[in-house]
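Peer 1: Spelled out from the first residue to the last, the chains are:
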Amino acid sequence: MKARKKKAQQEVFGFVIIVLLVIVIAIIMLTFSLQRSKRKPMLTEDIKVNDLLSAMMQTTVLCGNEYKKLSELVVEAAGGTQTCNGISVSEIVKNTTRDILNASFPTLQYGYFRGYNLTFSNININVASGEQSGNLVVGYYLIPTAPGQEGIEAKLYLYYASQQS
Amino acid sequence: MKARARAQLQIQEMAFVLVGLILFFGLIMLFFAVFQQAKIKSLAEQTRREEIVAKLHSIVNMPEFACREAFCIDEEKVLGFLALSQQQKQKYYEKFDKQYIVLIKVERVWPDRGNAKCDTNTLNCKTYEIYNNTAKKSSYEAHSTFTLMCHHTLTNGQVAIVCDVGKIVVGFEVPK
Chain H
1 MKARKKKAQQ EVFGFVIIVL LVIVIAIIML TFSLQRSKRK PMLTEDIKVN
51 DLLSAMMQTT VLCGNEYKKL SELVVEAAGG TQTCNGISVS EIVKNTTRDI
101 LNASFPTLQY GYFRGYNLTF SNININVASG EQSGNLVVGY YLIPTAPGQE
151 GIEAKLYLYY ASQQS
Chain A
1001 MKARARAQLQ IQEMAFVLVG LILFFGLIML FFAVFQQAKI KSLAEQTRRE
1051 EIVAKLHSIV NMPEFACREA FCIDEEKVLG FLALSQQQKQ KYYEKFDKQY
1101 IVLIKVERVW PDRGNAKCDT NTLNCKTYEI YNNTAKKSSY EAHSTFTLMC
1151 HHTLTNGQVA IVCDVGKIVV GFEVPK
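Taken in order, these protein sequences are the chains called H and A.
Once you know that position 103 of the first sequence is 103 in the numbering used here, the rest is easy, because the numbers rise by one and skip nothing.
Once you know that position 137 of the second sequence is 1137 in the numbering used here, the rest is easy, because the numbers rise by one and skip nothing.
The set of hints was computed from the structure by calculation and includes no laboratory data.
Keep in mind that the hints are not guaranteed to be accurate.
[Unchecked claim] Here are the simulated EDC-like cross-link-like pairs (lysine to aspartate or glutamate), alpha carbons at most 16 angstroms apart as the crow flies:
#	chain 1	residue 1	chain 2	residue 2
1	H	LYS69	H	GLU91
2	H	LYS7	A	GLU1013
3	A	LYS1136	A	GLU1094
4	A	LYS1077	A	ASP1119
5	A	LYS1136	A	GLU1173
6	H	LYS68	A	GLU1069
7	H	LYS69	A	GLU1013
8	H	LYS94	H	GLU72
9	A	LYS1126	A	ASP1112
Using the sequences plus the hints, can you model the full thing?
Peer 2: Spelled out as structure tokens, the structure:
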């Protein structure tokens, strides 16, 4: 009776070990598959968004009789009531950045990149389009202002699909 | 006799357990190997991408194309490069080949100035094709990043620098 009980205990113990092993293997596999599905931003996207923001801020726009960098217009817009060709500078910055971003991502709705959002510190200019959720990369550009003053931070949030489409 | 049969049974049991254990550890090793392989592959891909980005930036920063502004293509320099003789260009082409580069082109993204190729002047054109060897290569993958494209223009009797948003596209041979 005692020997049979001991054998039964051993079998149950063996069964428990097998179940535990199966659970451990399942957890390892699950962790592995979850790591693969959680896509990290690619290095190129990170650099691309910074390159775009940098190029955008240094692009020139005809303002009156002279060409001015967009970053200069942003500084003027932060200053207040400047106008260019009768249009307010902040309106020009808004329209130009929107045009550049739309030209840069022509397949925004159904392409790899799904949406963007451009913001400036100290100025109420916000240009956004497409999806504003999901995976994102952020570009950063500091526009210098007067010496001793805080610069204006331009941030470009670029949203992209989790899988390459 | 009975004891011998029992001993044989126990040896058999032990053999089965040993085989089971070996199979089990083999399975674990297999999982580990697959996991490591995926890790190594992703690391290799990451390294390749880093190299590609570095190459893209180094092409933009080549003194033959770069302007004084940071990370910018001087359109006049590119036109000068395109005007070189075939023999002079060949030296550059050999260097590109060594780096597995099959295509280099610069496209104007904004403003829209039509779709023409830029062969002789910087106005009203979209694309500068610096190098194209794609016809000879069976497969390649293109990578791009944004850059500034600058050229001089005459406004109200004064020379001004005009900078547009552009894109450099570089095609690389797909590694076998």
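Peer 1: Decide, hint by hint, whether the structure agrees.
Peer 2: Results of checking the hints against the structure:
Only pairs whose Cα atoms come within 16 angstroms are accepted, and H/LYS69 paired with H/GLU91 is accepted, the gap being roughly 15 angstroms. Distance hint between H/LYS7 and A/GLU1013 is fulfilled; the C-alpha atoms sit about 14 angstroms from each other, no more than 16 angstroms. Distance restraint check for A/LYS1136 and A/GLU1094: the Cα-Cα separation of roughly 14 angstroms lies within the 16 angstroms cut-off, and the hinted pair is therefore satisfied. For the hint linking A/LYS1077 to A/ASP1119, the alpha-carbon distance of about 12 angstroms falls within 16 angstroms, and the restraint holds.
Our distance criterion of 16 angstroms between C-alpha atoms is met by A/LYS1136 and A/GLU1173, whose separation comes to about 11 angstroms. Among the hinted pairs, H/LYS68 with A/GLU1069 is consistent with the structure: their alpha-carbon atoms are about 14 angstroms apart, no more than 16 angstroms. A distance of roughly 83 angstroms separates the Cα atoms of H/LYS69 and A/GLU1013; the hinted pair therefore is violated under the 16 angstroms criterion. Our distance criterion of 16 angstroms between C-alpha atoms is met by H/LYS94 and H/GLU72, whose separation comes to about 14 angstroms.
Using a Cα cut-off of 16 angstroms, the hinted pair A/LYS1126 and A/ASP1112 holds, with the two alpha carbons roughly 8 angstroms apart.
In terms of the numbered hints stated before, the structure departs from hint 7 and from no other.
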